[in-house]
Structure formats: C-alpha cells, structure tokens
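Using the hints provided, position chains B and C relative to the given structure of chain A.
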Amino acid sequence: MEVEVGNIVLPGNIVKEAESLAKENKKVVLGNGLRSDENEKVVVSKSGILCKRKNIFYVDSYQKRYIPAKNDTVIGIVHSKTLDFFWVDINCSELASLPYLAFEGATKKNRPDINIGDLIYCKVMQSNPDLEPELVCVDSTGKKGNLGELKDGLMFSCTINLVRKILNEKCTLLHLLSKECPYEIAAGINGRIWINSKNINTTILLRNTILEAEYTPYHQMKNLVDRFASELTGIN
Amino acid sequence: MEDLKLKAITAEMNILSRSDGSVIISQGDSSCIVDVNGPIEVNSAANIDMNKAYVDVLYRPKCGIPGVNERYKEKTIKGLCESIILTTLYPKTQINFQIQEMDDSSGIFACAINGCNIGLLNSGLEMKFNMAAVHCVLDETDEIIIDPDCIEEETLAFTRVQKPKRISGKYKADFTFVFESLKDSLISVHTNGSFSLQKYNEALKLSRQACRKIFDFYADLVKKCSVVYIKNSILEYI
Amino acid sequence: MKETILSNNERVFVEKSIEEVLRIDKRQLTEFRNLGIFFGKKYGSVLVSLGDTRVFANVSCEVNIPKTTRPNEGTVFINVEMSNEKMSESCIVTTRILERTIRDSRCIDLESLCIIAEEKVWNLRVDVSILNNEGNVTDCACIAAVSALAHFKRPDCTTSGDGEFIIHKSSEKDLIPTVLHHYPICMTYALFKGKIPIADPTLLEERVTNAGLTLGINSYKEICSLHMTGVSLTSPFLIQKCSEMAAERAKHVVEFIKSTLEQDSIDREKSNVKGFKQSIILTNVTSNFCDEQSIDNNAEEISEVASNHDEIIVVSQEQKFKKIDENTISTTKWKDENEETSSSDSEIITLSQSNQEKSKVESMQIDSSDDEEKETIILN
Numbered sequence: 196m197e198v199e200v201g202n203i204v205l206p207g208n209i210v211k212e213a214e215s216l217a218k219e220n221k222k223v224v225l226g227n228g229l230r231s232d233e234n235e236k237v238v239v240s241k242s243g244i245l246c247k248r249k250n251i252f253y254v255d256s257y258q259k260r261y262i263p264a265k266n267d268t269v270i271g272i273v274h275s276k277t278l279d280f281f282w283v284d285i286n287c288s289e290l291a292s293l294p295y296l297a298f299e300g301a302t303k304k305n306r307p308d309i310n311i312g313d314l315i316y317c318k319v320m321q322s323n324p325d326l327e328p329e330l331v332c333v334d335s336t337g338k339k340g341n342l343g344e345l346k347d348g349l350m351f352s353c354t355i356n357l358v359r360k361i362l363n364e365k366c367t368l369l370h371l372l373s374k375e376c377p378y379e380i381a382a383g384i385n386g387r388i389w390i391n392s393k394n395i396n397t398t399i400l401l402r403n404t405i406l407e408a409e410y411t412p413y414h415q416m417k418n419l420v421d422r423f424a425s426e427l428t429g430i431n
Numbered sequence: 004m005e006d007l008k009l010k011a012i013t014a015e016m017n018i019l020s021r022s023d024g025s026v027i028i029s030q031g032d033s034s035c036i037v038d039v040n041g042p043i044e045v046n047s048a049a050n051i052d053m054n055k056a057y058v059d060v061l062y063r064p065k066c067g068i069p070g071v072n073e074r075y076k077e078k079t080i081k082g083l084c085e086s087i088i089l090t091t092l093y094p095k096t097q098i099n100f101q102i103q104e105m106d107d108s109s110g111i112f113a114c115a116i117n118g119c120n121i122g123l124l125n126s127g128l129e130m131k132f133n134m135a136a137v138h139c140v141l142d143e144t145d146e147i148i149i150d151p152d153c154i155e156e157e158t159l160a161f162t163r164v165q166k167p168k169r170i171s172g173k174y175k176a177d178f179t180f181v182f183e184s185l186k187d188s189l190i191s192v193h194t195n196g197s198f199s200l201q202k203y204n205e206a207l208k209l210s211r212q213a214c215r216k217i218f219d220f221y222a223d224l225v226k227k228c229s230v231v232y233i234k235n236s237i238l239e240y241i
Numbered sequence: 006m007k008e009t010i011l012s013n014n015e016r017v018f019v020e021k022s023i024e025e026v027l028r029i030d031k032r033q034l035t036e037f038r039n040l041g042i043f044f045g046k047k048y049g050s051v052l053v054s055l056g057d058t059r060v061f062a063n064v065s066c067e068v069n070i071p072k073t074t075r076p077n078e079g080t081v082f083i084n085v086e087m088s089n090e091k092m093s094e095s096c097i098v099t100t101r102i103l104e105r106t107i108r109d110s111r112c113i114d115l116e117s118l119c120i121i122a123e124e125k126v127w128n129l130r131v132d133v134s135i136l137n138n139e140g141n142v143t144d145c146a147c148i149a150a151v152s153a154l155a156h157f158k159r160p161d162c163t164t165s166g167d168g169e170f171i172i173h174k175s176s177e178k179d180l181i182p183t184v185l186h187h188y189p190i191c192m193t194y195a196l197f198k199g200k201i202p203i204a205d206p207t208l209l210e211e212r213v214t215n216a217g218l219t220l221g222i223n224s225y226k227e228i229c230s231l232h233m234t235g236v237s238l239t240s241p242f243l244i245q246k247c248s249e250m251a252a253e254r255a256k257h258v259v260e261f262i263k264s265t266l267e268q269d270s271i272d273r274e275k276s277n278v279k280g281f282k283q284s285i286i287l288t289n290v291t292s293n294f295c296d297e298q299s300i301d302n303n304a305e306e307i308s309e310v311a312s313n314h315d316e317i318i319v320v321s322q323e324q325k326f327k328k329i330d331e332n333t334i335s336t337t338k339w340k341d342e343n344e345e346t347s348s349s350d351s352e353i354i355t356l357s358q359s360n361q362e363k364s365k366v367e368s369m370q371i372d373s374s375d376d377e378e379k380e381t382i383i384l385n
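Residue numbers (our numbering), protein chains in the order written: chain A, 196 to 431; chain B, 4 to 241; chain C, 6 to 385.
Only chain A is shown next, with the shape it has when bound in the complex (with noise of 0.2 Å):
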C-alpha cells in the first residue's frame, strides 16, 4: 500500500514521494521508521505517521525503550564502577560506558565524585549497534555545560514520545509552567525527566502536570497549566 506524508502507516507501506525524489537524483535522507529494500523502493518499518522535514523523511512512532543515537543528551543512572569508568543504565538494551575522564576537570589523579545510583545528564558520544553506547559529561571544547550530576529533585520515567513533545519549539508548557513557578527541570531523550523545584508538593504535581501533557494537545495545553496553577495556589 502506498501511502504520503501526513498518513498514519503500518509497516510494509512504500513511500512513492521519498523513491520519486531519489529518481530525480536529489539528495533523500530516511529517517527513523524507514529503510530501502532491494528493489530501491522505500519502506515503512514501524507504525506511526509519517513525516517530513526539508528532505529526511521519518515515522513518528510511539516507543517507550529508548535506542542510541549519536548526539542525544540521556539521563542514566549509575550502576557499577570499573577502573576506568562508570556503568551507566539508559533505558536501552545494554549498559553504557562513561570514562571518567569524560568530566570537566577531570584528570588521572583527579576523579570524579559520583557515586553508584546518582543521576547523571550526559551525551552520547557513541552508538554503535554492536557495542554497548559511550556517553560523555563535557561538550567538544571539554566545558561541562548543562551536563552533569544531577542533585535533589525527583526523577520519572515517562514515553519517548512525550519528551520529544515537551521539548518541541511549538509545545509551550515548560513555558507556561515557568510562569506559575520556578522550577529546573532535565529532559532525557531516553524517556527520563527530572525535576526540581522549592518544595515537595509543587514537584510532586509538576510531574502529574508533564504526565497529562501527553494526552493534551498544544492548543489545550494553557488550560492543563491553568489547572496546575490553581492546585498548587490551593494547597500554599
């Protein structure tokens, strides 16, 4: 069956514009969700709908256990130490390895202070499918950035689709949230977020707040903070 952009596909579907605009000899990246079989025709491999963006074609797919990419910032936790470096748990089907000269600061003598179950916001450096994903806590000039350990707060789990959402430009929630109160907040690719803000009670229904936004479209999204505003000025 063919289908175009726009449609909700199920795997085995072809995308003739995708294969149309590769015969024209113009450049046609494939996203997530699609690949090319032998016959050079472009097929849907998961279920979801099918996107475009300039030239990448992609399946926006509902997913809840997160695989590697090159690039994205993850929240891992981690779970053993070796010699030379941390065992990091990413929601993905192995282990990733963090050196601990991967911090700013860091040399030989000189470690790292992070210990087995702490939380840390890193970047993938490395993901190769047939070896465990590589992370790093400094960007290329070997400045921290954003990335660390993160303190305090409280940390969930939630469906890769939403942290993609909430992170999206056109998606004002974080926004909206900002103006009711302060708060931080951390949003990992792999379907963690964490957040941290004055007292336990405004975390606690922050999180209920980012929870609903996954069933809550953008045009809805002032009434979902609307409530949160008035929950949190009813219990202070």
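Any given hint could be a false lead.
Said to hold, decoys possible - Keeping only pairs whose Cα atoms sit at most 20 Å apart, straight-line, the calculated EDC-like set for lysine to aspartate or glutamate is:
id	chain 1	residue 1	chain 2	residue 2
1	B	227	A	409
2	B	131	B	219
3	A	393	C	25
It is worth saying that the hints were derived from the structure and are not from the lab.
Here is chains B and C on its own, set in the frame of chain A:
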C-alpha cells in the same frame, strides 16, 4: 453455504505499564494477553547468533505448567516473529514475548499470533510487514466454518487433559493460516485432523478473505491511537 | 530482564515526601488504588487489576490420592509465576504468603472435596500469573486467588459400590461451586522509618523501603496471616493500628468480590457472559473493537498472484489415485523457490474430479497422525 462470519475482535494496547509493548486481545470467546519486551540484554548462555536479535517466546497456558503443546506453539510463533522483525537491526539483544492464555475456545493460537503482531506494533520494533492469523474448521457435514466458538465441555475444568489436546470431537479438521500484509500470501499453516486437498484449498481461500479484515482492524487500531499520541506533536510538520 | 537500579534522588525524594505526608501519586497514606475484578467465560478464571498491577488467576481441578495424614480432605495447590526469572525469590515469598492466607486459614471446605475417603479426593490447583508488577503484587494475587476459587465450579461425580467412578458433564449434572467459609484478603503496608505505614505501596515506594507488613484478614476481622519483610524497628502499637485499618478495608473488598460474583452469575443466567472483553475499556484511545463481519465467499478481489502461489498441492509419499483425466480441473504449481517443506519429496500432481462420476478416483487424504501436526512453509 452458510453465512461465514469472522467473530468480533476487541483489543486494547498498552495495558501493562512496565512493558515495551502489550495488548489484551479478545477474538470471539478466546482471549489472551501478549507482552513484548525488547531490545533487552541477552543472556549469553544461550547458543545464539550475535548478529541478530534473539527472539524468545514464552506461552503460558491457563492451567498447569507448560507442556509439549505450549512448546510447539512457542516454536511456531518464534519462527513467525523472527521473520517479521528486522532482527539484524538489534544485534546482541533479546526480544521477549510472553503470551498468557486467558480463555480458550479453540481459536487461541490464531488469537495469540494476532496479539503478538499488535504487541510488536505497540513496542516500536521495526517490522517488515504485518501478519494475521485466521482459524477455521471442517465440520462433520464437510462445511468450512471460519472462526468457530467450540468449547470442549468435558475438559472444562481439568488441570490435565488425559490425551494430547486435539480438535473438539465434533470437527474433522482444523486449520490456522497466517498471512502477511504485503501480498496476502501465506506464511504459516498449522493443521489438525484429516481433510482433502480440495477442502484445504477452500479453507485457504476463505481465510485469505478473512485476513484482510484483520489487517483493516490493525490499521484502525493504530489510527485511533496515533492520532492522539503523535499527531498533536507534529501538526506543524505535515 | 534486570530491574533498573534505584537512583539516590528517587530514594531521598520519596522518604522526604512521606515525612511530609505526601505520596507521588497523590493518594492519602492509607488509601488503596482502584480495584477491578473481571471474570472470564469459563468458571475459575479471573483478571484482577489493582491500579496498574495486573494479575491473572485460574483454578482447575484433578482427582488425586489424599494425604495420608488427612485421608478425608481434598487438597489445594497454589502456584505463582512472575514474568521474569530474576524475581524468583519474591515469587516464592508471594506463594508462601498466599498458601498461609488461603490454605492454612482453612477458608476452603476441604472435606467437601472428598470423593472416597483414603482413595480419591479433588485437588484444586490455583495458577496465579503476575502480568504487570507496579507494586503490591501480594494483595492483588490474593484477591485474584480468592475470587477465582469463589468463582470456580467443579464437575459432579458419582461412585457406585463396585468401584465405578463417573465424572459427569455439565449437561448431565450441574457443576458444584466451591464452598468458602470466609474470604481472606491480604493488605500490604510499607513501613517508613518504623513509624509511618503506607497502604498499598507502588513499586517505587516498595523499593525505597524494604520494610513492610502484610496482613491476611477476612471480613469478620479475623487475622489469617501475618508476614513482615525487611528490617525495621517498629512497635506493637503500629501493628495493631494497621490491623484495624486493614479490617475496615477488608469488609469493603469482600463485599466488592461478592457483588462482582453475583453480577457474573446474573449475567450467566441471561447468557450474557462477556468474558475478559469487559476489562477492555473501549473509550480508551488505545483500544479498538470490530464487530462480527461476514466474509464474502465469492469476492472478485482475490489477488491473482497470491492465490496462484499458495494453492499448494504438496503430496506425501503414497499416491492412491488411479486415473488422471484430462478434462478436469487442475491445480496450479507451487512456484516459490525459497520454500522449506516438511516433506522431502514434494511433487506436482493434478487432481482430477470428473463430473460424470465414472472414474473411481480417491481424493487425496493428508492424514496427520495423532502426535504429528503438520507445519508447512514459513517464508523468510
């Protein structure tokens, strides 16, 4: 020829919060819950090909411990899932299927296979195509009946069935056909009993008609939930 | 599948929030999650959901020799299975708690399960399967096991003097329900700092504090079992307080089980049994329902390619037909190159069917023996 009907199908995805893909499916009077998890870490004890994902199926019967019949079903479903999932994309990992049989009125194998497919759609694993299983029987009057509801009265409550589980006394043969969605071709057959080739071909033809309804059901199911989960977030990209 | 490690932040947060009398899912400290009980079409199978925790239980029966110490009592066997192997220790703990609560509290009338003393008794087997663990699996499993036992009906049997033993079908004699003297329910409380009990802990709360207290209690405020886990300094006053709370709750739960059972029997009388379909919430976005559809036998749309490929005639070794007649229907060949057939020599034959019935052609019979079940082609 009596009016052939495919029984009502009801399914709900995402019912188990801790698994990557799950579905409760009820086809006629047979129902089961399928739980898909993957890609996850593989136990290297098993002798497997590390270039592909390892598919592991566990079929839990309603009563008693799993026996030979369950192992047979697991083996068939494992073969089907290995051909559907793009296993080379997930090397060194394992994909687990757990099927809990809840109600069986003889179409449970087809129900479990359909459940596995919906579970895969829900879990976000990459697939080549969809599969649909149809169950039909050949009764004493040599008529083919699609998707019957036959309950074996005698073995209703027992833990162990004395003989290996067979087709219910009334029917001469039963077939479970599994079709794929690209060209509606047959990918697996499971039969019990004795039948003539002509009846087999008749059953095949009817089941092929029925499988298309099941593919439509999958499409509706995915449409319904995609609209909420995803469409809101990417309105601007279309 | 390994469980993800619990992060320090989560641990600290949950402990702090409990001190401020707050729970992450906005419940009160003594509030239980929503309970749902759904019975299946066959007697004795039930799906129970407590919040997001889901448990399936099924009861079946068998005739066995009784124990030598109790020759005129039937037996009950409880088996709990979880979805991942790694949880086998907690699996055994749950099984023991259920055995103590249900079997050792003598809630089932075991003497009614006796058929012939010292020779034959009914053995009831309860298979509990934990489908989803979102905390408090013990409570959910107990409610499932008790509901399944209350729902189960066993076949009637007669014994005659000369050793004949007949088990009757449900059409001959009515099925006999299980006699339960009382309904024991488990209530689990997680203990924080030895002072604060939390009812019905979620998985996160259970992992943060290992200390917990499980009370088996029935609607007559009788404690059937008591199980404490973890390490915690606590006072007897706390246990008393918990048991009072549990007794209140047990009444409601038992009433709920009984009303669901009644509703189920009313539905069965009206032949309106829905089975597990009722647990599927059709207004949810993730569910779909498709009514009975008739299949058009003579539809034109059968794709030519598919039907030509798949109408197989793969023949086993014996060929019994006598004549091949030319003016008859011939079936097409199997063309696919990538096949793996179960029979090593597959031949192409033409099946003849004469309209005039003169030639005696025996139609091909593919007989599968009792043990062997054919599986033909799986395409890769």
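Hint check:
{"no.": "1", "hint": "B:227 x A:409", "result": "holds, 15 Å"}
{"no.": "2", "hint": "B:131 x B:219", "result": "holds, 17 Å"}
{"no.": "3", "hint": "A:393 x C:25", "result": "holds, 14 Å"}
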